[in-house]
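Assemble the whole structure, with the sequences as input and the hints as a guide.
Protein chains: 4
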Amino acid sequence: MAQPGPQTEVPIAGGVVPPLCTPLTPERELDVPSLEKLTGHLLGAGVHGLFVTGSTGEVGYLPDSTRHRVLEVVAGVSAGQVPVLAGVIDTATPRVVEQARAARRHGADALVATAPFYVPTHPAEIAVHFRRIRAAVDLPLLAYDIPVSVGTKLAAETVAELAADGTLAGLKDSSDDLDGIRTVLETVDTDRFLVFSGSETMADTGLRLGAHGLVPGLGNVDPDGYLRLHRAATAGDWALAESEQVRLRGLFHLIKVGMRRPMSRYSSAIGAFKEALVARGVIEHGTTSVPMIPLDEAERAEVRRFLVEAALLPE
Amino acid sequence: MAQPGPQTEVPIAGGVVPPLCTPLTPERELDVPSLEKLTGHLLGAGVHGLFVTGSTGEVGYLPDSTRHRVLEVVAGVSAGQVPVLAGVIDTATPRVVEQARAARRHGADALVATAPFYVPTHPAEIAVHFRRIRAAVDLPLLAYDIPVSVGTKLAAETVAELAADGTLAGLKDSSDDLDGIRTVLETVDTDRFLVFSGSETMADTGLRLGAHGLVPGLGNVDPDGYLRLHRAATAGDWALAESEQVRLRGLFHLIKVGMRRPMSRYSSAIGAFKEALVARGVIEHGTTSVPMIPLDEAERAEVRRFLVEAALLPE
Amino acid sequence: MAQPGPQTEVPIAGGVVPPLCTPLTPERELDVPSLEKLTGHLLGAGVHGLFVTGSTGEVGYLPDSTRHRVLEVVAGVSAGQVPVLAGVIDTATPRVVEQARAARRHGADALVATAPFYVPTHPAEIAVHFRRIRAAVDLPLLAYDIPVSVGTKLAAETVAELAADGTLAGLKDSSDDLDGIRTVLETVDTDRFLVFSGSETMADTGLRLGAHGLVPGLGNVDPDGYLRLHRAATAGDWALAESEQVRLRGLFHLIKVGMRRPMSRYSSAIGAFKEALVARGVIEHGTTSVPMIPLDEAERAEVRRFLVEAALLPE
Amino acid sequence: MAQPGPQTEVPIAGGVVPPLCTPLTPERELDVPSLEKLTGHLLGAGVHGLFVTGSTGEVGYLPDSTRHRVLEVVAGVSAGQVPVLAGVIDTATPRVVEQARAARRHGADALVATAPFYVPTHPAEIAVHFRRIRAAVDLPLLAYDIPVSVGTKLAAETVAELAADGTLAGLKDSSDDLDGIRTVLETVDTDRFLVFSGSETMADTGLRLGAHGLVPGLGNVDPDGYLRLHRAATAGDWALAESEQVRLRGLFHLIKVGMRRPMSRYSSAIGAFKEALVARGVIEHGTTSVPMIPLDEAERAEVRRFLVEAALLPE
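Protein sequences, first through last, are from chains A, B, C and D.
For the first sequence, full-length UniProt numbering gives the first residue as 1, with consecutive numbering after it.
For the second sequence, full-length UniProt numbering gives the first residue as 1, with consecutive numbering after it.
For the third sequence, full-length UniProt numbering gives the first residue as 1, with consecutive numbering after it.
For the fourth sequence, full-length UniProt numbering gives the first residue as 1, with consecutive numbering after it.
Hint data in this document are derived by calculation from the structure and do not stem from the laboratory.
Relax, there's no trap hidden among the hints.
Straight-line C-alpha distance at most 30 Å; calculated DSS-like pairs for lysine-lysine:
(1) C:Lys153 <-> B:Lys256
(2) A:Lys153 <-> B:Lys256
(3) D:Lys153 <-> B:Lys153
Here's what the structure looks like:
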């Protein structure tokens with residue numbers, strides 16, 4: 001087993017940082033060979049970082065032991081080539097600090113934490129929360145703004161305050177609030193504070209507004225697409241970035257294949273990402289966590305048709 | 001140390017089942033002597049059960065090791081006198097199953113679990129969630145309906161379906177939806193399915209509608225009051241139950257002492273419960289978890305005035 | 001035509017005050033003969049008041065001219081026998097004042113107004129809103145608390161403040177917050193401030209908590225049931241009140257007949273009430289306003305089966 | 001008085017279409033001379049259209065007679081130079097149809113209507129709603145997507161369906177959902193369906209994504225800024241558009257001047273726009289509708305400082 005750890009610490013940087021899917025066996029154990037292959041597939045494409053145990057990685061479902069093993073495997077394969085960011089997702093500060101300490105031990109180069117959830121929290125308490133995590137674990141800390149899961153939006157004022165005092169090294173925005181991203185970018189030192197957009201469909205716009213990087217779930221399936229988009233944006237070729245985005249917007253409709261049946265959009269989206277990775281030969285099984293509803297054969301065929309149309313699979 | 005465990009399994013029953021506060025030292029470690037004393041204080045009053053690691057117990061803040069220790073301590077003191085119910089609070093099924101297994105090992109007689117949170121979930125998935133927990137751990141399972149934390153209300157239809165097939169042994173309602181409680185009571189076998197109201201302020205109404213038990217956070221502070229209310233209700237003396245409820249409604253305003261300052265209502269309420277327990281000589285410190293805002297001296301004095309008015313403290 | 005107006009002013013009182021359906025012709029004009037018959041049907045049953053242009057009366061759909069005509073017709077038939085309350089529903093203060101003035105002209109004995117909606121409003125502005133309406137039109141003013149429509153819940157503190165200074169004569173609660181009703185009843189002078197529960201299914205509980213009256217939409221269909229319930233409650237026979245409530249709870253499931261098709265629960269509920277009135281021979285047509293989806297033949301038959309089961313229709 | 005009406009019908013087009021403030025006298029009557037001057041101020045700047053009785057125009061507060069007079073005054077001053085769009089804001093279809101008929105009579109060239117609000121509505125019913133309005137009044141109809149007021153977001157599928165069948169001629173987006181705007185633009189015939197962004201702060205991004213026009217409330221205060229931004233965008237000079245946007249983003253903070261006191265953000269924003277128009281000599285009074293809280297002297301001074309900084313007022 002690779003022995004990752006803080007000694008291999010790698011500075012986080014912008015660019016394309018896909019939130020890795022977590023491959024499972026049909027018995028719903030971690031499928032380590034598939035995870036290694038997925039990591040290699042992304043590194044081979046040239047991604048700038050790897051984000052593990054995020055929403056796309058089914059973090060809310062994974063037991064701690066699985067979260068740790070995921071991190072070890074990915075940090076081991078990456079071996080310092082690119083920074084590994086770890087989602088440290090739990091309800092409130094003492095539990096998040098425990099997650100953060102474990103993530104550091106298991107090879108994280110940076111931490112991504114939400115505001116408290118489940119417990120009702122005041123903005124003044126949110127600032128305390130991030131400060132305590134930062135004080136407890138000496139790794140760069142990014143705030144994860146994901147209102148659909150946390151129930152509240154991180155205020156731009158709170159982010160700015162925590163950027164100014166060095167608590168936060170960055171923001172991972174999954175709120176689809178581009179105006180908010182712009183406000184944050186106006187109020188932080190953009191040389192020292194990195195903003196990542198979690199949007200699959202507005203990545204070009206996010207970069208144009210000044211975001212440093214992208215964390216698209218669809219980047220598991222088509223990392224080359226997001227890398228082309230990012231290169232075009234970096235070169236100032238916005239027309240090319242936009243045309244790549246238009247193509248990726250079309251492909252992204254694959255997340256809806258299950259929505260004609262009673263299931264959460266999450267079951268449909270994660271199921272579709274995993275099925276696409278199976279179809280592309282990257283992972284072994286499309287299995288998702290309990291209690292997500294598995295895609296049926298017709299839905300899986302529809303995923304493959306999306307890939308054929310996108311020329312990611314031969315006809 | 002007491003060696004609690006499933007061998008001391010006690011059938012759950014209705015009645016007054018306070019959700020225990022979790023006493024902390026000023027360093028925010030578990031204050032075991034205070035927890036033992038609190039447990040004794042409640043058992044001495046004659047409560048019918050003990051609910052640990054619920055919202056009043058700051059479960060969202062407690063690391064797993066603390067959750068386990070709380071359970072061991074309380075189950076050790078109770079030693080089979082009354083059933084010990086444990087909140088097994090985590091984001092989705094595999095994590096909740098781990099919490100449930102640990103709770104069984106550490107002495108729980110029954111489990112109390114919410115629907116998944118943080119991860120978007122469809123009603124069909126919620127049914128799968130509870131069935132998997134029940135199949136994984138052989139203890140009575142109660143659903144915990146707490147929309148303010150989970151983000152969604154448990155549908156009465158889902159509860160009825162899971163009651164009928166034996167998945168759920170009961171419901172702990174913290175949704176303040178008395179109409180919903182009534183609907184559940186109309187659709188389940190009330191000899192085999194127990195409904196607990198989590199309301200401090202509508203306990204008499206809940207019992208009148210047929211609820212089997214009460215889980216009032218304020219029951220930490222004034223267990224005698226809720227026991228009198230419950231006895232009156234059981235005897236059919238609704239006027240007496242109501243007059244006790246009116247008194248407890250007045251006392252319950254102590255949860256608002258902090259609300260003139262920027263803090264969550266949770267910081268104010270848990271802080272007030274703990275300060276009241278300190279004032280009554282039950283626990284040692286009023287310390288609450290990070291990132292909750294501590295009450296200040298004026299607010300603590302206001303808590304004591306509430307107790308004096310309620311004749312729970314000499315003038 | 002009767003010439004209603006303030007000269008026939010009747011003091012509002014508690015009791016059963018059904019929110020009248022607004023019968024329409026197939027061409028969606030006001031069906032005056034049906035409305036007269038409905039009014040007579042309710043007066044004949046012995047109701048204590050009549051509430052027109054509320055949610056059950058499709059007020060959100062009715063043009064002003066129809067609202068006025070409804071009021072004239074009902075006030076004309078009632079002719080001072082019982083007070084006629086009018087919903088004066090509009091987005092913000094100047095528009096509500098116009099509605100209120102018109103309602104007074106067309107025969108209202110009291111006004112029922114919500115907080116502003118559509119326009120974002122601060123609690124401080126809500127108090128100004130009610131004070132201006134009361135100052136502009138000299139009729140008793142009730143606050144209508146209906147969060148599902150308005151988007152916010154009226155704070156008990158605001159109600160208490162506006163009760164104390166004489167702005168409000170009462171509250172019509174459609175928030176299903178029984179704890180809130182109890183808080184209001186604890187903080188107002190219950191001899192001068194009347195609380196009405198809008199719940200069909202918790203009417204007995206509302207009365208037990210001290211509410212003065214009931215405004216149940218289902219009271220259009222079965223006024224006798226709610227009157228029996230109210231009489232039992234007034235006589236202190238809570239077991240009888242409860243058994244009547246249990247029966248009415250069963251009948252109330254008729255509002256769900258349309259919910260297997262894509263329509264709002266409002267289309268289903270209002271459609272069911274009107275179909276039941278047609279089946280009982282009270283009104284001529286089940287027509288509802290645009291854009292509500294009409295019930296189909298199978299759904300209408302299901303409504304009739306509910307009535308047969310409730311012995312409101314011969315088999 | 002000008003005699004406006006459908007005979008002066010003007011095709012709607014993209015560009016800058018400010019949503020006019022509605023000037024009031026201190027007695028809260030319509031201030032006609034100020035409204036004429038405001039209209040002239042905007043026409044003189046070169047705006048491409050005028051949008052009356054929108055949210056910035058306090059439509060939720062204005063009685064019908066005032067709404068009609070506003071439209072007459074503005075249509076009269078414009079006299080066919082640019083199209084006049086009218087918000088026809090009411091709770092449900094029959095009431096909106098009445099508003100639409102009146103707007104046509106009083107000089108509107110196009111109508112802007114929301115989905116039903118106050119009444120719970122199903123998406124299938126929303127489609128019926130727009131079709132009935134379009135069928136009833138022969139003017140171009142735009143959907144107004146303003147979730148903060150209506151409570152729900154218009155689904156892109158519904159907009160696409162109603163664009164395809166000719167019901168809708170366009171969309172006025174006040175949802176700040178740029179991804180949604182992009183989806184609509186991908187699915188409609190952009191030669192025949194116009195998309196307007198209501199954002200003050202993301203106007204450049206909206207135009208870059210293909211939106212046809214802008215409806216910025218701040219355009220009352222600084223029409224020249226938005227016109228420069230729009231001209232730059234039309235010329236493909238995105239850097240210039242962006243720098244103008246950055247300046248306008250700074251100026252837009254003036255809407256927060258009142259937020260340190262208890263008032264709605266609406267009171268603060270509309271108050272600030274009107275105070276700025278007073279300071280620039282365009283209108284006479286800063287009066288806003290009841291129950292909005294008026295700005296105090298310090299807040300008004302702060303508005304003027306914003307204008308000085310933006311070089312819209314001499315120091």
